[in-house]
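Participant: Okay, here's what each chain looks like letter by letter:
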Amino acid sequence: MSQLGILYQYEMKKILKKKMTWISFCGVVLVMAFCCFGVLLNRYVLTDAQTGESVYYSAYERAMDRQARGEKFNGRLIDDILLREMQAAYADVQTQEQERVTDNAATNVSAVTTAEVPDDPAEAERLSQQRRQYEAIYNYVRGVVGNEEVHTVDAAAFYRARQQMIRDYEQALCLTEGEQEYWRRHEAQTPCVYYWDMGVSMMLASSRTMLALTALMIGMVFSGVFADEHIRKTDQLVLCSRHGRGMLYLAKLLAAMTLAAAAALLVGGATLLSFGVVYGYGESWNAPLQIYLESSPFALTMGQGIVILLVLLLLATVLHSVLALVLSCWTRSGVASMSLMMVYTLGTLFANVPERLRLLSQCLYLSPAKAVCASAFYDARLVGGAGHYLTFWQTGMLLYPLLALGLALLGGLIYRRWQICGR
Amino acid sequence: MKKKTMVQGGYINSQHIPVELCIDNISKKYQNKTVVDHVSLKLRTGVYGLLGANGAGKTTLMRMICGILRPSEGRITLAGQPETCEAYRSMLGYLPQDFGYYPDFTGREFLLYMAALKGLPKLRARQKSEELLELVGLTGQAGKKIKTYSGGMKQRLGIAQALLNDPCLLVLDEPTAGLDPKERVRFRDLIAQAGQSSIVLLSTHIVSDVEHIADSILMMKEGRLIYQGKWEESRGDLETFYLEQFGDETERRDGEEKPPRGQGWQRQKSSREALTVETDREYSPGNGTGGEDTEAETGGRQK
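Top line first, the protein sequences correspond to chains V and F. Numbering-wise, this note's numbering puts 258 at position 251 of the first sequence, and it's gapless, one number per residue. Numbering-wise, this note's numbering puts 276 at position 288 of the second sequence, and it's gapless, one number per residue.
With the rest of the complex left out, here is chain F (with noise of 0.2 Å):
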């Protein structure tokens, strides 16, 4: 895939000058609170997978990298662009959390406002709005009203807002969430396609969702980086790792009594599994998208 990302009046070819994305120190704190605590990575090509309970401060580094909250300290650059520049932004895809639309805008026109947005020509702007509608299986429904769309529907729309611009770094903010088992299994392909070309940053509390596409973990405690890398198998099980390190702080929000250790995490970690198993065989070759097993289908990612 040929793409191209204006930096500074010109063009980098993404295919041979590799963008990095260096975050360089940064926190964030409010008043006495801090949110995120030194942060240093410096992320390339491919799918990285942030970890952490709630309130671990996910949201406000992403939100950082998205230069939509000015970190306290610290310093976030891509491709040598600050996060404040007018080209870093045109190299940023962005699905947030909680993803917002305007409901009485139809599901093309919301696209074709977003890719004016986001500095693409009007042609051009109409040709990628419809390759992306038929991505996420929109197409049927484009002329729509967003405010008449399913929550899994509005999701996918999100999704291709974010791909518009071919970014060279997308950062996805909990995807999966609110989508139906097939559905999710369609994201994952997406973003796995995604990361071929580009830096994907993924935040997600579902484990399998991570341990399926992301080639690299990022696991977040209390605003710090608490692991960083890719997950080998010789350390066990990712999602046993990451229970380990937040279940407590799981069991204190959901005001449960804490299970012994290992009988209740096992039970959480088999039913995600049938899950998982479940969504890789609900998903048909037929869309276009390959349907192969998930190891399979992310091997191709595997540096």
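Chain V extracted, bound-state conformation (with noise of 0.2 Å):
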């Protein structure tokens, strides 16, 4: 074996002996399991109006009810004959207009359904459960179209209303003549087929936390790296040894990315064990992203959807546990190199610019924290121009490793320039 690879071997072993590395990876798989398993532990109850009589039942067998429902309906397309049977299933529901006072004193108007409660309890449970059947299609039109239109739309005006939709985003996010050429030669396919998609909407759901614990572990775990060294002494050992101002640096990074990237395999792949053990995914995998994020423009199914932001997960922590050496390696602080990584964290998933600044608003929606979470692919915004354009994540999965690299250079010429001083 290579000098290289023994020391590698050995950097991973400081790693892995570190008693924070495996604090925050059980803390980081037990949050992600009470993610996956903690809304199954909600009760529903049903009271019968009639007879007073409660019903519990848990959210699992809600979720397995909701879902043999919805399954029914999978592989069918939205078109004029399927709007056509879930109308006539709601078609005892009225739209009410009623006024709402929200919480900052503004009056709203805001629709309400409700349905008739006809006097023969036979009738009433019938037509329950008529509606209960197409509740999954009610629900996904509704989204589209509002509370009124629902029962009147057809497949035309349904259509339109989702472009128009797009078209309102397109405005919103500033979009270039040419983006918006772009879109019209990518944009998704109409008429879309219905699947139930509760199993892949919450993997997609949960990516954002996947991605922001993922982080703060590189954070906890790789701060210290550089930082331990100095604070041990050590570093005066490993500076003047033979390899040690340049391959130990080598055999740090990569210990480092493969540790990081191991986790974001890991999480990401119990995470989707977990939610296919609970809600399974079938057909669901094949289902147009538009069943989940009804306006997204882009041409691409659930399962393209969910594969495309684990290996953007993948990139951006190994972007992250290079920041986080990079960090160590000039702050020499595990304290201060954690700081800077939660604040760095913390800060692009909270921070937000207006759209209007569009530079400055694509850059932020382009750092890991905004770009590895579903509702991006709300985001048409493109790089690009003279008709060659890259969407945020094509954009993402050449720019993560770019940035890593980069880091990793500016590590080194810090790691380089490391001198022993002030003990």
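Don't take each hint at face value.
With a cut-off of at most 27 Å between alpha-carbon atoms, the simulated DSSO-like pairs for lysine-lysine come out as follows [to be verified]:
1) V:Lys24 - F:Lys133
2) F:Lys209 - F:Lys30
3) F:Lys30 - V:Lys26
4) V:Lys20 - F:Lys110
5) F:Lys21 - F:Lys209
6) F:Lys30 - F:Lys218
7) F:Lys132 - V:Lys25
8) V:Lys20 - F:Lys132
9) F:Lys110 - F:Lys142
10) V:Lys24 - F:Lys135
11) V:Lys240 - F:Lys209
12) V:Lys20 - F:Lys133
13) V:Lys240 - V:Lys25
14) V:Lys240 - F:Lys133
15) V:Lys240 - F:Lys218
16) V:Lys240 - V:Lys79
17) F:Lys133 - F:Lys110
18) V:Lys20 - F:Lys142
19) V:Lys240 - V:Lys24
20) F:Lys17 - F:Lys209
21) F:Lys132 - F:Lys170
22) V:Lys25 - F:Lys110
23) V:Lys25 - F:Lys142
24) F:Lys133 - V:Lys25
25) V:Lys240 - F:Lys142
26) F:Lys17 - V:Lys240
27) F:Lys110 - F:Lys132
28) F:Lys142 - F:Lys132
29) V:Lys20 - F:Lys135
30) F:Lys135 - V:Lys240
31) V:Lys240 - F:Lys110
32) V:Lys26 - F:Lys142
33) V:Lys26 - F:Lys132
34) F:Lys142 - F:Lys170
35) F:Lys132 - V:Lys24
36) F:Lys170 - F:Lys133
37) V:Lys240 - F:Lys21
38) F:Lys170 - F:Lys135
39) V:Lys26 - F:Lys133
40) F:Lys110 - F:Lys135
Please keep in mind that the hints were generated in silico from the structure rather than gathered at the bench.
Using the hints, put the two chains back together into the complex; each one sits in its own frame.
Facilitator: Here is the structure:
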């Protein structure tokens, strides 16, 4: 084995022998497990209006019940036939406009749907069952066209409404003509096919949590890689050794990147497996992304969306590991570099820049905290010009390795200049 | 002892090509403070004792020689190689004053790791580590974690790592600090052995250590070399000279009143001599490193 291989093994050993590594990894796994299974701990109560009897059932039973009803529509086109069936099932439901006062004291008008309750309990139950059969389609269509239109909309109007949502987003995102032209050529096909999407949509929705948790874990584990050498005063031994200034840096970098990639794969894989076990993926893997993100312009399936986000998560985690190492090398303090990693992670998670400040806003939304997120598939802003464009995820897949390389080179320069003084 | 050191892709056999450490007018300044002030030296094979009070610049000078602290001016070369290059570092062994270690590594793992850092092939690293563990008397504890070692054991491990690559230049910053008398004598012998084929630069506060093993004396005060060369008996006692030079500084640091010249110093000197005598007596020939009078041991190194 080469010297680099031997040093790499020792650096892996150093990181894996730290308690912080295992504590933070177990913490991330626990939080992700809670995200997957915690929601199933809820209980629901169903009270019969006539008899007043209450029936308790678990969130899991409720989810499985909804899934069983939703999956009946798997593979069906959202067309006039399906919409008419749904509208027939909901024929007894009326829409009323009701005034509502929101928290900020502004008065809004929102629509609420109410169902007429027949006197005959058997008839009421039949109508309720009928509605519940089409609940999944009803909720999906209502999400696009609104509470009123859902009862009358036909397929053409439904797709027009969805198209209009996409156009509104394009306006809000200040897209150039070239970008708009790109999306005309690459937009999702209609009519789209319906699939029950609980498992895949939960997986897509949890990508941001995975990114945030892995970034914090990386911050905690790798902030000490160089700082500990300084604190333990082993830096003076390693820096005066033959490979201490060059190969050792590479070995540390490779060890951190490997462990970061492994952590991302483990967290991503475990989450994917957990949602698969609870909800199953089945055919929903092939569902168009628009089933979950109605106005997304991306012509992708949910499965492709998950793979893209997992690859971005992997690359972002590797990038974060290099960043943590560079900060550790620069500050020579585990606490300082961990704090900087937290500021970076939380800052990019919660920061917001108005879309009209196009460049700044787009840069922020290309950061891992914004890009490794299901809602990033609403972001139609492109990188490039003259007819050659990259979407946010294509840019991320090129940008993150390049940034990691740039940071690694910067860290190498800082490390080569490392001096032992002030002790 | 056949000794090879890699230099710029080839090997220098140190038995045939004498290696020279050239320190050319180096200084180290921090803002307005000059810690090392225009020091120039040429060192060849042998043991060099570096003496000086706290803050005299010994550690700074040693760090610059080891390439872990950049001089503000001047240059350092070993066998013609500058201190910034890999070839220089491959000829170097260093034991810092405050020896750092990885607490969760075993003694053996630590030596193997350091051997990998020093570029030793895997098989050679294993052989050399076992040899050195035996040499420093840690074979029995080699499988234990370093955090369970006593101060003396850690220091012995430190000297072992410094010797892993058969260095042409061995820099030891207060290597006997914290050692019990028996271990100090053992250390002296190791250093004396190393000095037969390498340049050994040894910094210490303990004048008797230097008196016993150093071929030449380097004395620093306020960043400058105030004495350089062999200590001749005609100049009087080394410790007396040392205390005359640094007595005031030592006293100021300790916050004690200065004793009448001669009286206080004499007391200190006497206690040190007593220690030296005691350690020499304790030293057993059975440990395989020789056991005669210390002067006799070092006699072989006298040029």
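Participant: Confirm or reject each hint.
Facilitator: Hint check:
{"no.": "1", "hint": "V:Lys24 - F:Lys133", "in the structure": "holds, 12 Å"}
{"no.": "2", "hint": "F:Lys209 - F:Lys30", "in the structure": "holds, 19 Å"}
{"no.": "3", "hint": "F:Lys30 - V:Lys26", "in the structure": "violated, 48 Å"}
{"no.": "4", "hint": "V:Lys20 - F:Lys110", "in the structure": "holds, 17 Å"}
{"no.": "5", "hint": "F:Lys21 - F:Lys209", "in the structure": "holds, 14 Å"}
{"no.": "6", "hint": "F:Lys30 - F:Lys218", "in the structure": "holds, 14 Å"}
{"no.": "7", "hint": "F:Lys132 - V:Lys25", "in the structure": "holds, 17 Å"}
{"no.": "8", "hint": "V:Lys20 - F:Lys132", "in the structure": "holds, 16 Å"}
{"no.": "9", "hint": "F:Lys110 - F:Lys142", "in the structure": "holds, 23 Å"}
{"no.": "10", "hint": "V:Lys24 - F:Lys135", "in the structure": "holds, 14 Å"}
{"no.": "11", "hint": "V:Lys240 - F:Lys209", "in the structure": "holds, 26 Å"}
{"no.": "12", "hint": "V:Lys20 - F:Lys133", "in the structure": "holds, 14 Å"}
{"no.": "13", "hint": "V:Lys240 - V:Lys25", "in the structure": "holds, 17 Å"}
{"no.": "14", "hint": "V:Lys240 - F:Lys133", "in the structure": "holds, 18 Å"}
{"no.": "15", "hint": "V:Lys240 - F:Lys218", "in the structure": "violated, 34 Å"}
{"no.": "16", "hint": "V:Lys240 - V:Lys79", "in the structure": "violated, 66 Å"}
{"no.": "17", "hint": "F:Lys133 - F:Lys110", "in the structure": "holds, 21 Å"}
{"no.": "18", "hint": "V:Lys20 - F:Lys142", "in the structure": "holds, 21 Å"}
{"no.": "19", "hint": "V:Lys240 - V:Lys24", "in the structure": "holds, 18 Å"}
{"no.": "20", "hint": "F:Lys17 - F:Lys209", "in the structure": "holds, 15 Å"}
{"no.": "21", "hint": "F:Lys132 - F:Lys170", "in the structure": "holds, 22 Å"}
{"no.": "22", "hint": "V:Lys25 - F:Lys110", "in the structure": "holds, 25 Å"}
{"no.": "23", "hint": "V:Lys25 - F:Lys142", "in the structure": "holds, 21 Å"}
{"no.": "24", "hint": "F:Lys133 - V:Lys25", "in the structure": "holds, 14 Å"}
{"no.": "25", "hint": "V:Lys240 - F:Lys142", "in the structure": "holds, 14 Å"}
{"no.": "26", "hint": "F:Lys17 - V:Lys240", "in the structure": "holds, 22 Å"}
{"no.": "27", "hint": "F:Lys110 - F:Lys132", "in the structure": "holds, 21 Å"}
{"no.": "28", "hint": "F:Lys142 - F:Lys132", "in the structure": "holds, 12 Å"}
{"no.": "29", "hint": "V:Lys20 - F:Lys135", "in the structure": "holds, 16 Å"}
{"no.": "30", "hint": "F:Lys135 - V:Lys240", "in the structure": "holds, 15 Å"}
{"no.": "31", "hint": "V:Lys240 - F:Lys110", "in the structure": "holds, 25 Å"}
{"no.": "32", "hint": "V:Lys26 - F:Lys142", "in the structure": "holds, 23 Å"}
{"no.": "33", "hint": "V:Lys26 - F:Lys132", "in the structure": "holds, 19 Å"}
{"no.": "34", "hint": "F:Lys142 - F:Lys170", "in the structure": "holds, 15 Å"}
{"no.": "35", "hint": "F:Lys132 - V:Lys24", "in the structure": "holds, 15 Å"}
{"no.": "36", "hint": "F:Lys170 - F:Lys133", "in the structure": "holds, 23 Å"}
{"no.": "37", "hint": "V:Lys240 - F:Lys21", "in the structure": "holds, 24 Å"}
{"no.": "38", "hint": "F:Lys170 - F:Lys135", "in the structure": "holds, 22 Å"}
{"no.": "39", "hint": "V:Lys26 - F:Lys133", "in the structure": "holds, 16 Å"}
{"no.": "40", "hint": "F:Lys110 - F:Lys135", "in the structure": "holds, 25 Å"}
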